[in-house]
Structure formats: C-alpha cells, structure tokens
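Asker: Given next are the chains, with one letter for each unit.
Protein chains: 4
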Amino acid sequence: MAVRAAVAGASGYAGGEILRLLAAHPEIEVGALTGNSNAGSRLGTLQPHLTPYADRVLEKTTVSALSGHDVVFLALPHGQSAEIANELGEDVLVVDCGADFRLSDAQAWQRFYGTPHAGTWPYGLPELPGARAALVGSKRVAVPGCYPTAVSLALVPAYAAGLAEPEAVVVAATGTSGAGKSLKPHLLGSEVMGSMSPYGVGGVHRHTPEMVQNLSAAAGERVSVSFTPTLAPMSRGILATCSARAKPGTGPEELRAAYEKAYQDEQFVTLLPEGEWPSTGSVYGSNTVLMQLALDEDAGRVLVVSAVDNLTKGTAGGAVQSMNIALGLPEGLGLPAAGIAP
Amino acid sequence: MAVRAAVAGASGYAGGEILRLLAAHPEIEVGALTGNSNAGSRLGTLQPHLTPYADRVLEKTTVSALSGHDVVFLALPHGQSAEIANELGEDVLVVDCGADFRLSDAQAWQRFYGTPHAGTWPYGLPELPGARAALVGSKRVAVPGCYPTAVSLALVPAYAAGLAEPEAVVVAATGTSGAGKSLKPHLLGSEVMGSMSPYGVGGVHRHTPEMVQNLSAAAGERVSVSFTPTLAPMSRGILATCSARAKPGTGPEELRAAYEKAYQDEQFVTLLPEGEWPSTGSVYGSNTVLMQLALDEDAGRVLVVSAVDNLTKGTAGGAVQSMNIALGLPEGLGLPAAGIAP
Amino acid sequence: MAVRAAVAGASGYAGGEILRLLAAHPEIEVGALTGNSNAGSRLGTLQPHLTPYADRVLEKTTVSALSGHDVVFLALPHGQSAEIANELGEDVLVVDCGADFRLSDAQAWQRFYGTPHAGTWPYGLPELPGARAALVGSKRVAVPGCYPTAVSLALVPAYAAGLAEPEAVVVAATGTSGAGKSLKPHLLGSEVMGSMSPYGVGGVHRHTPEMVQNLSAAAGERVSVSFTPTLAPMSRGILATCSARAKPGTGPEELRAAYEKAYQDEQFVTLLPEGEWPSTGSVYGSNTVLMQLALDEDAGRVLVVSAVDNLTKGTAGGAVQSMNIALGLPEGLGLPAAGIAP
Amino acid sequence: MAVRAAVAGASGYAGGEILRLLAAHPEIEVGALTGNSNAGSRLGTLQPHLTPYADRVLEKTTVSALSGHDVVFLALPHGQSAEIANELGEDVLVVDCGADFRLSDAQAWQRFYGTPHAGTWPYGLPELPGARAALVGSKRVAVPGCYPTAVSLALVPAYAAGLAEPEAVVVAATGTSGAGKSLKPHLLGSEVMGSMSPYGVGGVHRHTPEMVQNLSAAAGERVSVSFTPTLAPMSRGILATCSARAKPGTGPEELRAAYEKAYQDEQFVTLLPEGEWPSTGSVYGSNTVLMQLALDEDAGRVLVVSAVDNLTKGTAGGAVQSMNIALGLPEGLGLPAAGIAP
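Chains as they are written, first to last, in full-length UniProt numbering: chain F, 1 to 342; chain C, 1 to 342; chain V, 1 to 342; chain S, 1 to 342.
Bound conformation, chain F alone (with noise of 0.2 Å):
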C-alpha cells in the first residue's frame, strides 16, 4: 500500500524538488499539494517542468488540508513549521526543509534567527556518525540546510579523526536556487549571469551555526567556522571549499584513510580516486555528494572540496532519504545517484 505524502510549499524551488523526486519514487502516492499566495492555481502554471502533476490544484498551506497524509514534506519560510507539526500529530511523519529544528543551542538559534527556539529534531543527514539512528522510526526530521550538508560531510571526517585544528575556513559558491524565488533585483538573470558575489560575509550567513554544530560534535570541542558564501552564475549547485589547519603530524595518507572509512559504506558520498576533482555539474539533479582532498604542506592545512546539488541532496534528496530511513525503506529508493550531465 502506498504511502501518502503531502507538500507544503509546492510552488517554491525546495518544493518543486521534493515532487520532482517522488515522482520517481515507488512507494509514494502525492496527495495535497499546498502553498500561500499560489493557492487556486494550477501546478503547471507555476512549475511547468512537473508535468505529472501539472493539473493539480494547490490548497491553501493548512493543517486540514495536509491531514489524512502519512508523510508531510514542509518546505515553507522559517517559523512556521511547529505549530503544524503540533497539529498534525505524532502519527504523521513530518520532513521539516527550514530551519527551525535545525539547532540544538537555543541561544545560537536565538542570535541568528531572533525568534524563540522551537526545539530540536532527528537531523536528516545519515551520513554523520549517529545521525542514521536516529532518523529510523522518527516521527520528526529536520532536514539540514544546503551549505551545512556540503560543508560537514567534507569536513566532520578530519575532526573525527583529531587530523584538524579547531578553526575551519569556508568559501563556497552556490547557484542562485538557494536564494528561492523571491523577487530581488540581484537575483535577476542580468544580473546573475556571468558574475559572481559574495553575500553574507563575515560570519553572519545563518547557516554558520548549523556548521558550528556539527564539526564541534566531531571534533569534540569547539570549533569556529569562517563562512563566505558566494552566488555563481548557475542555477543549482554548492561547491564548498573547506580548510583547516592540520594538527601536527598529519600525513596525507592518514587523512585519505579517514575519509575512505567514513565513506566507504555510504551509497551517496563518493571520495573521488586521486587526482579526479569534483564539479557540481557532475551532482546536478541528483543525491549524490563527490569529494576530493588534499593536504597542502607548504601551508599546513587540510583543504577538502566537496560538491552537491543543494535543491537534491542539500535538500529535497535529504529529505526523501531521510524519510525512507525513517519509514523503513531502503534508504535509496527513489533517489538518482547519477547526475545530469552536461
């Protein structure tokens, strides 16, 4: 018998990925589809490449209407996701994309989002030691953000391995998907196309603390991230670059060796073979993570790259993962490994 999912948010991008993939998926039948000011209209219209659903109507984002569903995809702005998750019950699996369960300092969630903190739930990337466990049976995923699952998977290895010195720095270039298709002036195609910008810089991008969660709980201390993000001229995508210095005495071999056994089990995460970089036109449109490392002796440092397409496994492929997990299914049902290319 199929499970019934429903999805709130489905004319945003975060949205329109997660019908995207259960339409491939066997085990799902798509049940309500809802959304704030597209209410009424028909799917086609806003999100004309899902043309199996391209007839259907979006309800309004309420809790009667996301009822009767097994699982409720949220996709929907920060804040709103308690108060339904409430309402629907503890019977309903319930696969949160924003942020606000994200978090387990209330303090940190208070200074980046400046709301009350609304608590903390089983984080929808597998991959991290232990967070597999605790997606199986959950009732509850927070699914992560796109940067911080590009960013922990290239760097929670070195500090679980005592390879890496406690402060990380981050530049990664996303494409303009993750900004969402709100209406500003330097999201347009004039202005996006053959640039690049920095935006958020200087430590105020509201995913540093989700990174600063998870390479702290690997390294066992604290761990400061120095985040940039930047906006390149394509559509989906996040190429990370993470480094650190190493600690004394790490050699190159030991720091292959830790990631091939983080990784050699996971059907997602590739480490490339040596000399073979990762492009995120190689993870467009599938869940799949490539990585490559490197230990840069003249500077000391460990630098790991990582890529993603931040609209599949940064969000809508995590989120369908973590709900095969949860609901008992082979964790990869459903999911492209493979990406499209070119």
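Derived by calculation from the structure, the hints in this document are not laboratory data.
Among the clues, some could well be false.
Which copy is meant is left open, so a pair is good if it fits within one copy or across any two.
[Said to hold, decoys possible] For lysine to aspartate or glutamate, the following DMTMM-like pairs were computed, each having C-alpha atoms within a straight-line distance of at most 25 Å: (1) K247 with E297; (2) K181 with E276; (3) K139 with E260; (4) K184 with E274; (5) K247 with D298; (6) K247 with E167; (7) K60 with E90; (8) K60 with E87; (9) K60 with E297; (10) K181 with D105; (11) K139 with E221; (12) K184 with D105; (13) K181 with D55; (14) K181 with E253; (15) K139 with D298; (16) K139 with E165.
Only a predicted model underlies this, so the values are computations on that prediction, with no experimental measurement involved.
Fit chains C, V and S to the given chain F structure using the hints.
Answerer: For chains C, V and S alone, kept in the frame of chain F given last:
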C-alpha cells in the same frame, strides 16, 4: 529476467545519457560499455556524473564486446552502424542513435552525408502517424535527430490536417551538447557563454532532409524546409520556432483542435494551455516535449514553438522509449516525464 | 567647450549604458542624472559598474532637473517623453530611447500601444536610406527599438534592391537585459540560465510595426513580418535570423552585392567574409552590427543573420551615434567599434 | 607623435584584450600583430570582435617582425620572453604578460615552473607599495598574474598595517578565459556551463609563489598562502575571497582605515561603501578593482573580497596602465574605469 543492454559510445554525451536513463530503468541490466580512443579508461573519469557505473572500464567497440546482449545502443559517428548491426544478427535489438538509417531517400542521404545509403529502419519517433506500430517487435530502430524530433512534432499535426502551406521556416536554438564533445574552438566555454550564433545556415544542415521527409509524409506533398540552427549559451535543450503560411481559411480553433487531437493520448507531448509558452528549462533531463501554437493573422502564418531536451527526448530518451515499444514493455518505463528545474 | 548632457532614467539598463558610453566620450560633460523611485540614491549603489559616477546622487525626473543641458537622453517608460520634450523647448537636443516617436502610422501606434499617437521624430538608425540626412541638425531623435535595429539592417538591403518577397519571417534571440530591471519571476537567474523560451508570439510584440515600417519603406510596398522573439540565457545581445522568399531570378552574387553596396561606407555595419557567421559575443558592448547572408536555393529563401548588442547599438550606442550626427560631431566619436570578448 | 605598439600573441585572449584597449587609446598606433600557428590568418577570423583590426594579417612571432616599435606587448607562453626581449634591445619598452620575470625568488621559480629563472623586472601592479616608482621610465615590465592582482590588492593593506597573521587562506573563482583558448575537454561550454569546479588544489597553482612574494613583502615576514582556484561558469572575472586570522586587538575601524588610506588616491581601486559587496559583473571589461572587507569576530578573521576582470585589470589593463606609467603618459589614459553591465 532483466534485459541486458550494451552501450557503444559510452564516453560521449549521447552514450552517457543513455546510461543515465538505463540506471533508472527497472528492467535493464547494463552490460558492456564500449568506446574507441577511451577504451581502457574508467567510466567515472570520463563521465563523473555516472556514479552508479563509475568503476566500469570501457572496452573497445567491437562486435564481440557487444555480443551477448538483448539490446545494443549505438551512439557512434555516422557510418559505423550498418556493419555492427549486420554482425550482431537479427535476434538482437539494435537501437541506432546515428543518422545512418533515418532517411528513406537515398539521393538525399547521398547529398547530405556523401556516402552510399545504408537503408531505412523503423523510425524512433512513436508520436508520428504510423511510427509506433512499426516499432512494435522491431529488431532495428533508427532514433531521429534531435532537431527533427522537435520540429516534426511541432509541424506534423498542421500538415496532417491540411492547415499549412508546404514551405516551412524553422529557426532552432540548441544547447552545446548537440555538438558532442568535439574539441573545437567555437565550443569552448569562453566562446559560448553570453553568446548566440548561427551555423549550418542556408539549407546545409544534415537534419534538413529528415525534417523534409517527416513533414512531407504528413502533408502528402513535398514540404520545403528553411532551417537555421543556432547555438545557445546552455548545455542542453532545443527551442524550435516553426512556421508556415496558413492555408486559406484556417482558423485558430481548427488549428488548436488539430494539435489537441494529435497529442491527447501521448504521455510525452504536452500542448500547453493557451497563454503558456514552452521553455527548454522545463524539459531539462526529461523525455517530455512542450509546445504551444499561435495563428498570426497579420502575417498569415501558423506558428508552433516546441521545447525538448536534445539529449533526452531528442536522443537517449527517444531511444529508450523506442526500445520499450520494441520489447513490448510499457512505453514510458524508466523515463522521466518531469524536467529538472530550476 | 563640452556638450552638457543629462540622462533621465539613469538607474535602468538603458540609462546606465548611455552613461557608460558618455564616460568615454571626449566632448561630453555629464550633468543631471535622474530617476523616479530611485531619486535620492547614490548611483554607485544602483549601478556599481559606473565607477566614474558612483558618488552622483539621482535627482527626481522633472523638467527643471533636466533643464540647462545641451542634450537630454530620455530612457523612460513609454508615454512620458512628449511632455518633457515639449517643456524642454526647441533648443535642446532630445534623444528619446522610448517608443513614442518611432512610428509614423498613428493607427499602428494606437493598436500596439493603446494610447494616442504623439508624433514622429527623425529616426536614429543612420544606416537606413535617408535616415542620416534627417538627423543632421535635428533637435529630436527617436532611437529605434533594439529588435528593429537588428532586423531592419538585416533585411532593408534585400528589399531596397527588390530581391525579396514582401513576407518576412524573423526569429530573434535576445539577452535578458532587453526586458529591463523589472522584477518578474521568469526573469530570475534561476529561471533564465540554461533555458530558452519564446514570448510575444504570434504577431503581438510591439516592435513588429516598427519593422513593418522600415521594411515597407525600403520595399516600396507593404511587407508583412512574422516576428518571434525568444529569451536567451545571456544578459546582452540580439541574434536576428531573418528570411524572406527570394524574388524569382535572384542569384547569390546579386544578393551579396546589394549588401556590400549598402554597407561599404558604414563604420558600424560589417558584412562578414563568406563562410563566417556573426555571434552576439563578438559585438558585446560595441556599437557594431555583424551580419552574414545566404541564399537557400532549395527553400527559395534569402537568409540574413545579424548580431547586435541590444543595449549598445540597439539602444545607447544608437542614441549617442545619432547625437553625434545631430550635433555635427564625428559620427563614431566615443563609440566602441570593438566588442568585448571572450 | 603616436607611440607605435606591437602585440605578440594577438590571436589569444590576452593579446586580443590588449588590442581592444589599444584601439581606444589616444596615443597608440598599432603596428605588428604576431602569432604562431595562426600566422598568415586574418585577425577578424580569429578575433571577430576586433573589428577595427579585422583585416590585419598575423605575422609570425619573430624579433624582426616586432622590431621598430616603441612598445612591444608579449602575450606568449611562459619561457619565450627573455630571448625576444634581449634581442629587441634596451630602447624598446617590453611589457611581458607572461610569468617569466615576476618572481624574485629563483628557487620558487624553479620549483613551480621547472625551468631556470630568467630574472626579475619591475612589477606592473602600481598600486602596491613602491611599485609605481619602479615603473616610471622602465623599459621592462612584468605584468602580474591575474590571481595575484586580485589577491595582493585585497590583502596587502592588512599586512602592511600589521593587522593580519602570516597565514592567508584564499579561494578564488575565475572565468574560463583565464585558461586561455586551449582545447581541453573540461573547458568545453557543455562542461563549464552550470558547473563550478576546483583545480590546482593543495598549493600547486603557479600563482601561489607570486602571492607569497607580494604579501610577504608587505608583511615584512614570510606569509604562507593556501590558495584554491575554482573555475566558474562565466567567461571573465575573478572573485577572490581572502582571509587571515586577525592580529590580536585588531578592530574593524582600524582595519577599514588601513584600506581607505591605501587606496584613497588610486583611480582603479575602489573600497566600496560599507554594506556593498563587489561582483565580477561590475568590473567586466574595466580596469577597476572593487573590494569590501569585514572583521569576523567569532572566527577571529580579517576577510577581504575583491573583484577584477582577469583579462583587463588582471592582464591587459594592468599592462597598458604600466605602459602609461613607464612612458610618462597619464596613468589611466585609454583605460575604461566603468565596467560593462549588465
């Protein structure tokens, strides 16, 4: 029991897209992967997005490597298919993504390709009148060219319904993957990005006689086609803007009705609701064709615009769809109808 | 003594491009810069590329702000030019980048723009027959639309030489800057990159009657134009693919000779050597038009492809070139002939 | 009397950009244009954007072809400049866009380039402390690498003011033109568009020792640089994200003051107003560097982001600017300060 498939030309763009689709096809088991200059290489090095087959090693393209499969996909330069197909024998389904067996007019073949005509195979565009029936049970399939796919689907209903004069004018924009992986200066990213340019202008592009063939068959008289292909700054997609003078008395309702009737039962062709126009971004990575039409009463022309992904519906998707039909599988099995957007 | 110039609409793409060109013009001193919603803002915040004027502050667009200059460039929404021009008086050279004074046919104006016709000014496309003479000493200039610039230069010589039938078919691709800075979902980078789409299909684009006017004047009979604009994933540039059935007996040499003669003395129009085709990348940021032609004898059509930068030759460059003529300065003064590539 | 200039390597991207700038330079007359494999070709066929020189024919790069000019620009592969310069003699200003004479450390040269060190010429980045004076009247100029231009200008003020620890971490995104016109698979448009990828990771990029040299000179101690270049889907531009741990006690005002002081008299370097961040799109085709800084107090790091056009300020513009200084012309003569946007 799984259908075993081999792919000749697995290091190119068409071969890679066939593999991406086969990876999601529930009835296919991928056997030999072959190449020429790349024989001996790890697939993952050449096609890093194909993570499920990354560790496969390319064999040399030979009949013996390709033997022992139920289906062989040929993604080879023109002129190499006939010999391989002959030697593989009549029991093997051979799906040729090259041009060799597309044209029935030996003189047109000779003129545009400069070599002797090899013959004509059932044509892998099932949405054309009569084409689907010819594919059922066939052991040979000639996959159409990417442009003829977009253009034939756009204009055949008008010609079949007798609504257009037999002189078509087509201007189409293609992504650069249509040119393959050839190392030519004008295909460098630096040259392509931010720039549009025409090529093969003035009736010399090799896909012209294929369009003439399909439109003439529908019209029951010879249709001339003025075809101008242009190279657009994107990696995938074809947007075909097609027009012909309307036959006297043609009205907009009659025109629309002809298209609705032609495609009402087709799962991969969508005539959009009035007022919505297709974009190539909406069919990215999918087997779907989106189209829209207008009757320009001032200029007296029927105008149809279609969007396809040149590598999916325009090549590999059309190939897999035809294979499904030939093998008696559900026509859409394993094929994505939803595009990847944004 | 320097010519003092004001720019109304300096926060938009057309106004910004005028300023970029004026910054390199040896005879111009830039005076007032005005805007509407952006009045009071620092120019550098709105147009960070215009570093020479970064600290200028926009005034409100009023007659008093624009008074006291020798030249006033209007880069305003349609319908606002007449009143300002009237109040500025007859002594000031007014160069209008809007549509208000381009059409001589009041009925066509009314049909496409829906407002009363304001009149007709000398047309700022000096390469058209008779146009240059009308600009000399004029105090009013109607800068052509960007598409009509590309299309008229491409087809007028064929019509003027009597080589083409009076039914033109034009498909043009434009960069997104042609749509201005308007905050519309389909203009977001995420939507535009990797995608081509048509718009204004079926004879409804407002530049159609302007093309009809120019081609008909050259042909000496009414020329119909089937015009389909498409949006390409690039910020600038127009590639216009233009064709018409050849008049009986037209040969390729005769066709080529007509174009060579038409443009042999033009510094900003280049008919490329045979075998070379124009690209928009080659005219990026320049006032140059590149074109090439072919006679498709199978289809019986004259085919001309032209490339322009919609913001330079297609708007601001045409405006400055016309200003130079009107003021008696060397026609190419301050205008770049070389494009910026790659 | 005009200064006569020759350009060796006129068919490449750097040579083409030099020509674009020289076309707008009021004191320059362009003489010989030379190439290697392209000798004998029409420039317009190779560089169709350079319409002012389209009919020039490339000569073979030889000393005799380059003789008899006041200035010779060398845009050649590394290792070819020394011999040509020697033979041209001491009277000719030789501006070398290659790497041969950039480094003063012969050992670093040997390690990164693998050939004997040719020497050290005055360094063509006049905004560095002491550099301008060394260029005045010089007959030899070593134009900096594109990355070192962006990175040195971004970090030198912090090091010169003693505000940063001597371990810099730099991640930079470059447009594809930085790789030249080489026909490599990963530079094809199909591969590049929609994708970001790193290269030269782990301290092996040849521009690293040049950065080390410039930053160490400013700091008065050896500065290590962890440098990761990434390839972005755009043809031009470098966005350099540069950071270093702040020296204890460094405050934001002090940091900002150091940069304001360093660049207050520089016409081509702009420290943006607080709250505004640079984009490469804003410096497209210009000789301008835009930058902004932040002090990330949580991570304890000084962060500076700079944007340059790799071909203009990063190569050809820097070359012409240095030529102007060497010849005693106004430093900014003929150089565009405004970028081309959007």
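Asker: Name the hints, by number, that the structure is in violation of.
Answerer: Result: hints 3, 9, 10, 11, 12, 14, 15, 16 break, sorted rising.
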